[in-house]
Amino acid sequence: MLKHRADIKTLVYLSMTTFLLFYQWQYGFHIISYVFSLYLALTVAIIAHNHNHVPMWHSKTMNHITDYWITLFYGFPTFAWIPTHNRNHHKFNNREGDYTITYRVSEKNNLFTLLSYPSISSYFQQSPIIAYLKHLWAHQRTHFFYSGWSVRGFNFIGWYGVVSGLAKGTIICHYSASSCLIFSFDF
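Residue numbers for the sequence shown follow my numbering, so the first one is 11 and each next one is one higher.
These aren't lab readings, by the way, just hints derived from the structure by calculation.
It is possible that part of the hints are untrue.
Stated by the list, open to error - No farther apart than 30 Å at their CA atoms in a straight line, the calculated lysine-lysine pairs in the BS3-like style are these:
(1) K13 <-> K70
(2) K70 <-> K144
(3) K19 <-> K70
(4) K101 <-> K70
Quick caveat: nothing in here was measured; it's all calculated off a predicted structure.
Given the sequences, and given the hints that come with them, work out the whole structure.
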């Protein structure tokens, strides 16, 4: 079912990421699991990139399921890569016109640029993503609904996690803090 045998490693990394989420949820903060979660956050960003260019499965259904799985840990729907990465970034390649240009604020490689990039880049990516969704609505409704469910599912699971954590009476700040760091390193 996998296109390439090497993608077994990808599935192992996604499984470890999923396991670590449940482990941290159950047992709370521990420095080793926290550092490991930061490492896995970087791997999920790489997995999202690679799966976007070369889907892992021969089956479209399995690729959609994998898209949803990656979206949960990447923090941004994987379909959004199509208008901003595939169709734009590879055309302009970090030059003027690239929505994801890395030096929009500064050409310096410093902490401010690293920390501000996700928010600034996301802001500039919204217009092409909205245009892409409008195009899907007009020309590819099935793919539009698949993309919409990706966003809805991500939001539902995120809010469910917050509400269930509050209902349990647990303090979820440690996981929220690591998620914020994960998202800042993911983009």
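Quick rundown of the hints versus the structure:
1. With a C-alpha separation of about 12 Å, the suggested pairing of K13 with K70 holds against the 30 Å cut-off.
2. Of the pairs offered as hints, the one joining K70 and K144 holds, with about 22 Å between alpha carbons and a cut-off of 30 Å not exceeded.
3. As the CA atoms of K19 and K70 are separated by approximately 20 Å, the hinted pair is consistent with the 30 Å bound.
4. For a cut-off of 30 Å, the pair hint linking K101 to K70 stands: about 26 Å separates their Cα positions.
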